Every structure is written in structure tokens, then in C-alpha cells.
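**Q** The numbering of the sequence shown is the numbering used here, which starts it at 329 and goes up by one.
The set of hints was computed from the structure by calculation and includes no laboratory data. You may find that some hints are simply not true.
Pair by pair, the computed Cβ-Cβ distance ranges are [to be verified]:
no., residue 1, residue 2, range
1, Ala409, Arg386, 22 to 30 Å
2, Arg348, His429, 20 to 28 Å
3, Arg348, Cys421, 23 to 31 Å
4, Ala420, His389, 18 to 26 Å
5, Thr368, Ala409, 19 to 27 Å
6, Gly439, Asp336, 14 to 22 Å
7, Trp436, Ala350, 28 to 36 Å
8, Glu396, Pro423, 18 to 26 Å
9, Ala415, Gln366, 44 to 52 Å
10, Gly439, Ala403, 16 to 24 Å
11, Gly439, Val401, 30 to 38 Å
Note that the coordinates shown come from a computational prediction; the quantities given were computed from them, not determined experimentally. Where is the CB? At the ideal position from N, CA and C, for every residue including glycine.
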Amino acid sequence: MSRVACVDVPALPLQLLWRRHAEWRAHPVVVVDEDRPQGTVLFADEQARGHRILPGMRYAHALALARELRAGVVADAEVAAEVTAIAEALRACSPSVEPSHDPPGTFWLDG
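Start from the sequences and build out the full structure, keeping to the hints where you can.
**A** This is the structure we're talking about:
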């Protein structure tokens, strides 16, 4: 009998941003595609969502909703490197690990 498991690291780019700026935990935080007013919010933490800041919103609009908002860009290469590292760690538990890329942070284990 084959067994399948799923490991989910919610909002992986947001987790990486928190790792980089642990002091931001006390503030609403978003990941944006570019650090400029026209940038788009890609991920928003619970505090940001409490201010009605949602993915797809422009950074300038989000900042108008929460002046204490913290934002950062997480490069695709940084996310890819973390996905690779997590997949390697999971291979200690299962011979077959398949990472999902959309959204990043979901891993399927089989075997």
C-alpha cells in the first residue's frame, strides 16, 4: 500500500522575510514584487490582513491602510534555494519528494 503525505510551509516567501527581519514580527508585513509604490503585494501576514491588506493590492495602497507596514522583496532564487533545502531535508523521511512551485512551500512525499 502506497502512502502519500503533504508537508506545507505556509507563505514560504513571507517566512523567509521574517527570518531576515525577525524584529518585524510586531508589525504588519507583506512580500512585494518590487520595492516601489507601484509594486504588488504577493503575500500578507495576519496583521496586514487585519488592516484589509490583501495579495494583488498595490504597495502604495497597502501603506495607506497601515502606516506601520513593513515590506520586502524575496527573490525567486532565494525561494528556490529554500525549496531545494527543504526537499533535501524531507528526503531523509521519504525517497520520493515532489515540491510544488505554485505556491512554493508545498511538498508531496510518497513511499
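**Q** So which of those numbered hints doesn't the model satisfy?
**A** Hints 4, 8, 9 and 10 contradicted; others consistent.
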